[in-house]
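*Asks:* Chains as they are written, first to last, in my numbering: chain A, 1 to 199; chain B, 1 to 199; chain C, 1 to 199; chain D, 1 to 199.
By construction, these hints were calculated from the structure, which means they are not laboratory data. Please note that a few of the clues may not be correct.
[Unchecked claim] With a Cα cut of at most 20 Å, we get these calculated EDC-like pairs of lysine to aspartate or glutamate: (1) LYS140/B / ASP152/B; (2) LYS198/A / GLU150/B; (3) LYS121/A / GLU104/B; (4) LYS181/C / ASP82/D; (5) LYS198/B / ASP148/A; (6) LYS181/C / GLU150/D; (7) LYS121/D / GLU40/C; (8) LYS181/B / GLU124/A; (9) LYS140/D / ASP178/D; (10) LYS198/C / ASP118/D; (11) LYS198/B / ASP118/A; (12) LYS181/D / GLU104/C; (13) LYS42/B / GLU15/B; (14) LYS27/B / ASP118/A; (15) LYS187/C / GLU40/C; (16) LYS64/C / GLU150/C; (17) LYS42/B / ASP79/B; (18) LYS187/D / GLU104/C; (19) LYS121/A / ASP178/B; (20) LYS27/C / ASP18/D; (21) LYS64/A / GLU15/A; (22) LYS8/D / ASP18/D; (23) LYS187/A / ASP178/B; (24) LYS181/A / ASP148/B; (25) LYS55/B / ASP79/B; (26) LYS187/C / ASP97/C; (27) LYS42/A / ASP18/A; (28) LYS181/D / ASP97/C; (29) LYS187/D / ASP152/C.
Treat the numbers as computed from the prediction; the structure is a model and nothing was measured.
There are 4 protein chains.
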Amino acid sequence: MRTVDPIKHEEKRREILDAAGRCFVRKGFQGATIASICAEAKISPGHLYHYFASKEAIIQEMVKARLNATARFFGKAVDGADVLATILAGVEASMTDAKNIGQEMRIDMLAEAGRNPDMAKIIEENSSALRAQISDFLRKGQARGQIDPELDPMVTAGVLLSMSDGLKTLSLRNPTLDVAKNIQVLKILFARFLAPPKS
Amino acid sequence: MRTVDPIKHEEKRREILDAAGRCFVRKGFQGATIASICAEAKISPGHLYHYFASKEAIIQEMVKARLNATARFFGKAVDGADVLATILAGVEASMTDAKNIGQEMRIDMLAEAGRNPDMAKIIEENSSALRAQISDFLRKGQARGQIDPELDPMVTAGVLLSMSDGLKTLSLRNPTLDVAKNIQVLKILFARFLAPPKS
Amino acid sequence: MRTVDPIKHEEKRREILDAAGRCFVRKGFQGATIASICAEAKISPGHLYHYFASKEAIIQEMVKARLNATARFFGKAVDGADVLATILAGVEASMTDAKNIGQEMRIDMLAEAGRNPDMAKIIEENSSALRAQISDFLRKGQARGQIDPELDPMVTAGVLLSMSDGLKTLSLRNPTLDVAKNIQVLKILFARFLAPPKS
Amino acid sequence: MRTVDPIKHEEKRREILDAAGRCFVRKGFQGATIASICAEAKISPGHLYHYFASKEAIIQEMVKARLNATARFFGKAVDGADVLATILAGVEASMTDAKNIGQEMRIDMLAEAGRNPDMAKIIEENSSALRAQISDFLRKGQARGQIDPELDPMVTAGVLLSMSDGLKTLSLRNPTLDVAKNIQVLKILFARFLAPPKS
DNA sequence: CATGAATGAGCTTTCATTCAT
DNA sequence: CATGAATGAAAGCTCATTCAT
């Protein structure tokens, strides 16, 4: 009796997705090969197709997993008492620990979404969920007088999300950039944008 | 006998670069094939190599040409009398005519720069030039009291450039987005960021 | 589970090398194509690269294998009691069974060595080993009074090796050549060259 | 009236053949490209086909020209008073000025003849002519008592020709070879082979 | 005579995927 | 479950040759 242990199966899938993630970060979605993913995951190519139907499926699942991780992480981050301070801390964290929560692939994912409808849909759904989270958080801030009540929470959430994409391109465009100075200016930007106008 | 005609040669090169550009927008740098570029340019694969040494060379020249076009366009845009108003108009233009000055490839170029040193160098040099332009413009605005004099012009220029990358991801993340509302919020963002604080 | 079977792998490599050898004999190193080698070996082009990294690698391994076979064959041949008689028998064998021990490619290999440093190195090392074998054999003959003691064994070995290249060109230059007569003259040549002068 | 100056035409052909020769020496028959020959001859590819029907035709004419040059050179060399001394001097010359009379391609030509019937025919005809020349010369030597009268002149001529091919492989097989020592041994070889037996 | 633009078949190599074991 | 042998359809690129001017 061949009992397929569903837990082990799921574990293996996760291992492969992790390995694939490392390869995609190094080489991009198209540049990474099934062979390299197999080498990284220490399995044979034939075996990989036991777990995933195609390279495309791996990419999609991997991206979903990373986006979900981001959203979960985000959900936790987003319950500080001081809404604006929390956001500013998030900007700073994004600039200093650039390598953490699966953010290395953000630009690749967005580029891919520009021409691959499946990827576009994934990004869209995740963005929509994130916007809702951020929007709620902003509303809380508005209720507490920490965020300008004139700003439409949902639209503002979308703008914040896309501006955070911009954070990822700063160091691509300027490898010798002075992180501290940029954080300072970025904090001014977000603070002035979001804070309620004085008087 | 003295044929050669370097003008025709240059014209053909430009035609091929244009065709390549269209293919890259559709499929990405890696996804577009030499065959597809040749079909688009209506030449044979062999002939393409009369004009370019490799696919890589085509990508690089095409990207440089587009970035230069952007920089030129930018140079013209950036001499309005009212610096802040000019920037806000630029934000609005970027949101409404998203398809004009070779901007469709921005995210692809940045993604490619993340793992291709040659592309990284091209992006870096162009970004450096753009930052210098924007920085000069901001300084002018500061002299005229239109821009907050406390902001470091060069750092702020870099931040503006990267935030403008974010503009490109807005519609990727939210295809049903209300452009007018977003423009309104974005104008608030940039205006509050850059305007001199009220005394 | 522990399949792998390095023996089968090695067997397949040998099969491919043999097939490649037949193609190279027919068409030369540059004239033979990967496709023709695959057809001869009855495998797909993709599969060939499971076993060899490149066409160049196939050429080199194949040449090395043939040269080693020659050297082994040579080592056995070269232990007759009568040194001079053994050499003369070798000349005769070389003229009569021209097609056996992988000698069909000798001239191609030497031509290739003239412009390919990797091939030059392979030929050089093999030649050096063969010269050492022949030299030892000649010294034995000198000790036994069968070979002229005045001849420098190493230099003479090199000369014999290169003269044996000449044997391969005889029939190329003269397809209607009378083998028997040529053997007779060649035996005179080598005998007079090597035999101790009559007191 | 377009008068085709046949002398100029012939001159141009010769120039192209010379250029082709240099390319073939550097890269081999298959390795040299029409483009490289055109560059070397400073003409355009289209123009080259005014003078030659195909690459194959260039190769054949070039080889014929070189072989004829060799034969002419040979004809002159071969009328010394002392036949054996002339041959030994030829051996020495062949070892010291390896780059003179178009001999750099000998091995390539022979390799090509092994699989290309057209080339085989060319080599064959030239070899036949050379054998006749050498044979005549040997006969003269026999008449003068300088060459062993027992040797069949025609067969011996063929053997000498092929042994001279071997001279070309000496330095291919042993790049650090001591030319002086080899010349010495080679002279012994040819002298003992050809000289009339004492008493 | 002379150019170089243009062709297209064919080259080596890669890679997602399937299959026998 | 797991392997790696095997496939075959491209991919980027080369090059002898032809053609319009």
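*Asks:* Going straight from one Cα to the other, do LYS121/A and ASP178/B come out at no more than 20 Å?
*Replies:* The hint holds at about 18 Å.
*Asks:* Measure nothing beyond the straight line between the CA atoms of LYS42/B and ASP79/B; if it is 20 Å or shorter, mark the hint as holding.
*Replies:* Not OK: LYS42/B and ASP79/B at ~40 Å, beyond 20 Å, violated.
*Asks:* If you draw a straight line from the CA of LYS140/D to the CA of ASP178/D, is it 20 Å or shorter?
*Replies:* violated (33 Å)
*Asks:* Hint check: LYS121/A vs GLU104/B, CA-CA at most 20 Å. Holds or violated?
*Replies:* This hinted pair holds, its Cα atoms lying about 19 Å apart.
*Asks:* Going straight from one Cα to the other, do LYS187/D and ASP152/C come out at no more than 20 Å?
*Replies:* With a Cα-Cα distance of about 13 Å, the restraint between LYS187/D and ASP152/C holds, given a limit of 20 Å.
*Asks:* Between LYS187/D and GLU104/C, does the CA-CA distance stay at or below 20 Å?
*Replies:* Roughly 29 Å separates the two Cα atoms, so the pair is violated.
*Asks:* For LYS42/A and ASP18/A, compute the direct alpha-carbon distance and say whether it is at most 20 Å.
*Replies:* Given pair LYS42/A, ASP18/A holds - Cα atoms ~12 Å apart, limit 20 Å.
*Asks:* Are LYS198/C and ASP118/D close enough, with their CA atoms no more than 20 Å apart?
*Replies:* Cα-Cα ~48 Å, so violated.
*Asks:* Has the given pair, LYS27/B with ASP118/A, been kept, meaning a C-alpha gap of at most 20 Å?
*Replies:* Holds, because 14 Å separates the two Cα atoms, which is no more than 20 Å.
*Asks:* Hey, LYS198/B versus ASP148/A, does the alpha-carbon distance stay inside 20 Å?
*Replies:* This hinted pair holds, its Cα atoms lying about 17 Å apart.
*Asks:* Is it true that the CA of LYS181/C sits at most 20 Å from the CA of ASP82/D?
*Replies:* violated (26 Å)
*Asks:* Please work out if LYS64/A and GLU15/A have their alpha carbons no farther apart than 20 Å.
*Replies:* holds (15 Å)
Of the hints listed earlier, those the structure fails to meet are numbers 4, 7, 9, 10, 11, 12, 15, 16, 17, 18, 20, 23, 25, 28, in rising order.
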